[in-house]
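Chain residues, written in single-letter form:
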Amino acid sequence: MQDIEQNMDELFRKAAENYPLKTGESNWDDIAPALLNSPVIPAESTKKRSIKKKAGLLLLLLSLSLAGWIVFNFPGNKKEITRLNKPGDEKNMTNSFNKTSIPFTKQNIEKKSATTERAHSTTQDQQLENGSILLPMKSGHRKIQYSGNKNRSRDNAQFLFKDRLFQNMPVTVFKNPINDIANPKQIDPAHAISNQVIFKTAIEANDINAQKETTTENLTEKKKNLMPEKQGIYLGVASGLSFAEVKNQGFKKPGLNIGVIAGYQFNGRSSIEAGLFFAQKKYFTRGRYFNMDKIGSSMPAGMEVVSLESTSCVFEIPTRFKYNLLHKNKADLFSSAGITSYILASEKNNYLMLHNGTKQNMTGLYKNGSKYFAATLDISLGYEHTIGKSSHLRIEPYLQIPLKGIGVGSLPVLSSGLRIGLTKFTR
Amino acid sequence: MQDIRHIIKGCVARDHKYQKIFYEQYRGYALKIVFRYIYRYEKAVDIANDGFVKIFANISKFKPDNEEDIEKIMMGWMKRIMINVSIDELRKSNMLPEIGGIPEHVWEIADSSQDADQLLLYKDLIILIKELPPAYRAVFNLYIIDGYTHSEIADLMNIAIGTSKSNLSKARLLLQKSLKKMEDGKLCRI
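Residue numbers (the working numbering), protein chains in the order written: chain A, 1 to 427; chain B, 428 to 617.
Hints are computed from structural coordinates only; laboratory data are not their basis.
Be aware that one or more of the hints could be misleading.
[To be verified] Here are the simulated distance ranges between beta carbons:
{"#": "1", "chain 1": "B", "residue 1": "G574", "chain 2": "A", "residue 2": "F321", "range": "35 to 41 Å"}
{"#": "2", "chain 1": "B", "residue 1": "P491", "chain 2": "A", "residue 2": "R13", "range": "52 to 58 Å"}
{"#": "3", "chain 1": "B", "residue 1": "A440", "chain 2": "A", "residue 2": "M8", "range": "41 to 47 Å"}
{"#": "4", "chain 1": "B", "residue 1": "P491", "chain 2": "A", "residue 2": "R286", "range": "47 to 53 Å"}
{"#": "5", "chain 1": "A", "residue 1": "L325", "chain 2": "B", "residue 2": "P491", "range": "46 to 52 Å"}
{"#": "6", "chain 1": "B", "residue 1": "D492", "chain 2": "A", "residue 2": "A331", "range": "44 to 50 Å"}
Where is the CB? At the ideal position from N, CA and C, for every residue including glycine.
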């Protein structure tokens, strides 16, 4: 039986290839007008566009990570300070200091013996208090005054010490700033003592700092000091573009989103945030992913969805935990994770339907205000820059992974985009 | 005959001169595919023309993997488009069976040669296929002649895989009966 079938199949295949059909005269004139009006469909497929867009977003995330890594790992102060702390360095530098003829050399040596103990005992006090650091330069003076933050004065001392020209030069730490010091020669030691002035070399000062830093307590202190100890409530606004897709079918047009943020910062690194955003989501899907349960009863029997394009307006309520990964000066690299709940304000679907073998277009507009708690899982990686005292500008690529379907078709909508925001501490 | 690559390039550039060359070169091939699905000859000509409009609209998407077999690949691509437009037409008409015979003027009159009998046989076999109910005809053409799988047929015709298998089985039964009748008829004439 199978042989007969196979023989029959082969026979029909040959017939299909060779049967004698008259093709007749060419009727190009019938087809030419249709060609003038027909649209030309671009070569790039939706799938390729989707892959390109995803690759673009991934590249952006990687670029930000790389930029952060470069900024925060750029070789600078650390190496110089480490170099100063090498055993043997101090001795060599001290010897060269002694050889150098600079103002106050004699006085410095005298003061060194007399005030060394005091320096050790009072250094911490001096450095803990508000103080200024003066480094006399060859061609002039540079006076730096700091008030308030003990940590900052030490940090900047290390920063200034990095220049080896200053290593053998006297360093003056003042409790109260002295204006207009044009020449260290003019400093009267007696006057300096009355103002609790300590003369020490940059190496000595650095040694003392280095000794302190070896203790665990100081390490922690240093680490803490690297992150500003901001705490409190902040508010902000953010806006951006996002792309939405369903089941890897490709992104279509971008949607706009805009909203407000409120957050509470626990310490330099951690904070929690909530927000309220109005977002537009534009996506496409084939009919096979569209769940007919909700609208099946309102359609004629036998009608099927071939595909649809949707524009949905949603109110997004994100809540998330934000963590600063890296900090330097005024810049932070942060990551965040959380969930977003949706309130679907409106949904407009352009359907391509199939009914009794006929395709037709239909439009549906739904305004039922459906609520979806924890509709998406959000992750992001961003960059934040401090402006002024308490304002921050942030740029943040993000990804919203669907946890449930939304809309009349219960579609799992994946969103990704870029948000730019401005936040400010309330006090 | 111009190189197929130049013709395709010209069609991509929407040059009517190359589109016309392409149309005239492959019209017969396209019509023979469509005529297996569509009962009426005039309708088949219209559907084939629709197919060419789609081909020219989408020709920029045609990117063959192998430049050497470009014509073969292009004809395979063209075949799929012609089949798609034929199936769309059948679904539009709700797979309703057509009545009336096939006029003789649509067939190429064979010379009295060795191949004449063979060609007549082929003509008769195609008529047998065309006389099947449209749903069976479509499945038989897609599976046996054009090499589609039941899964692909189900997607294309928006039917279940089981329905595709069932239609094929019924088509085969009907064709076997028709073939037997045809053979018996020939024997009687002898």
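Each hint tested on the structure:
no.	hint	in the structure
1	B:G574 x A:F321: 35 to 41 Å	56 Å, violated
2	B:P491 x A:R13: 52 to 58 Å	24 Å, violated
3	B:A440 x A:M8: 41 to 47 Å	46 Å, holds
4	B:P491 x A:R286: 47 to 53 Å	26 Å, violated
5	A:L325 x B:P491: 46 to 52 Å	48 Å, holds
6	B:D492 x A:A331: 44 to 50 Å	49 Å, holds
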